[in-house]
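**Q** Sequence:
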Amino acid sequence: MRDLIDPDDIATAYAVQERLSELRLVNGARVVGRKIGLTSPAVQAQLGVDQPDFGVLFDDMEFATGAELPTERLLQPRAEAEIAFVLGADLADGPLDPAQVRASVAYAVAALEIVDSRIAGWEITFADTVADNASSGLYVLGSERRTLAEVEPAEVEMRMLVDGEVVSTGNGAACLGDPLEALAWLARTAREFGEPLRAGQVVLSGALGPMHPVHPGALVTAEISGLGSVTTTFSAQEERA
1 MRDLIDPDDI ATAYAVQERL SELRLVNGAR VVGRKIGLTS PAVQAQLGVD
51 QPDFGVLFDD MEFATGAELP TERLLQPRAE AEIAFVLGAD LADGPLDPAQ
101 VRASVAYAVA ALEIVDSRIA GWEITFADTV ADNASSGLYV LGSERRTLAE
151 VEPAEVEMRM LVDGEVVSTG NGAACLGDPL EALAWLARTA REFGEPLRAG
201 QVVLSGALGP MHPVHPGALV TAEISGLGSV TTTFSAQEER A
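The numbers in the sequence shown follow the working numbering, run straight up by one, and end at 241.
Each hint should be verified, as a subset may be incorrect.
As the list claims (entries may be wrong) - Using C-beta positions, here's what the derived DEER-type ranges look like: (1) Ala15 / Ala92: 20 to 26 Å; (2) Ala29 / Asp93: 25 to 31 Å; (3) Ala99 / Arg30: 19 to 25 Å; (4) Asp93 / Trp122: 21 to 27 Å; (5) Asp93 / Ser235: 18 to 24 Å; (6) Asn27 / Gly164: 37 to 43 Å; (7) Ala29 / Gln76: 19 to 25 Å; (8) Pro213 / Asn27: 41 to 47 Å; (9) Ile119 / Asp97: 30 to 36 Å; (10) Asp90 / Ala149: 28 to 34 Å; (11) Asp90 / His215: 39 to 45 Å.
Everything labelled a hint here was simulated from the structure, so no lab data went into it.
The beta-carbon is built from N, C-alpha and C at its ideal position, and this holds for glycine as well.
Take these sequences, add in the hints, and give me the full structure.
**A** In structure tokens:
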């Protein structure tokens with residue numbers, strides 16, 4: 001399939017993503033939000049692009065902190081620490097600038113996104129990751145809800161541990177300078193695609209630091225200042241038939 005899409009043909013890549021999402025919906029999945037990818041300038045430079053991408057979050061992708069994740073559902077997973085925003089208002093009208101999106105956020109929580117790729121060795125192009133639902137896998141939400149009066153997303157500090165070892169550090173500024181800028185970008189882009197963000201949806205705003213590979217049995221924890229921690233384990237054995 002990837003050989004049929006030019007690496008620069010982003011419109012076709014999003015059309016593939018949309019078609020795959022439609023198949024998920026036909027099979028009973030429910031859209032619960034969106035994710036933003038490629039929010040790091042370094043990763044954008046690596047892929048030769050100057051913009052993020054987005055994917056769709058489905059209900060069967062979400063887990064609560066402390067849950068064990070089914071390793072058998074994943075191919076070559078990597079973990080990222082992020083801020084998740086839960087919207088309290090639609091983002092369908094208006095300028096959709098950072099001030100408006102800030103006002104739309106009901107609360108924020110610490111999150112782990114488990115990104116994954118169908119492309120062997122993660123040798124991906126921008127079109128690859130777009131078509132592959134922005135390399136979405138699973139995600140885990142923390143339990144400490146904070147309003148934006150209580151935490152400033154651009155100023156948070158993050159560290160992520162795998163099996164007790166610090167494997168990634170970062171901060172809010174690593175996500176397009178401010179995770180709210182990433183949210184504003186997504187709000188405008190989603191409206192352009194005819195599917196604006198809605199109240200109640202979850203938005204994974206982008207990695208606060210480098211992603212890291214994970215393995216069956218791994219214990220992963222992200223600590224984000226002002227938002228507490230979020231943790232998950234991976235099932236010890238792959239049970240793929």
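**Q** Work down the list of hints and note, for each, if the structure agrees.
**A** Consistency of the hints with the structure:
no.	hint	in the structure
1	Ala15 / Ala92: 20 to 26 Å	22 Å, holds
2	Ala29 / Asp93: 25 to 31 Å	28 Å, holds
3	Ala99 / Arg30: 19 to 25 Å	31 Å, violated
4	Asp93 / Trp122: 21 to 27 Å	38 Å, violated
5	Asp93 / Ser235: 18 to 24 Å	43 Å, violated
6	Asn27 / Gly164: 37 to 43 Å	38 Å, holds
7	Ala29 / Gln76: 19 to 25 Å	22 Å, holds
8	Pro213 / Asn27: 41 to 47 Å	29 Å, violated
9	Ile119 / Asp97: 30 to 36 Å	35 Å, holds
10	Asp90 / Ala149: 28 to 34 Å	21 Å, violated
11	Asp90 / His215: 39 to 45 Å	40 Å, holds
In summary, the numbered hints that this structure violates are 3, 4, 5, 8, 10.
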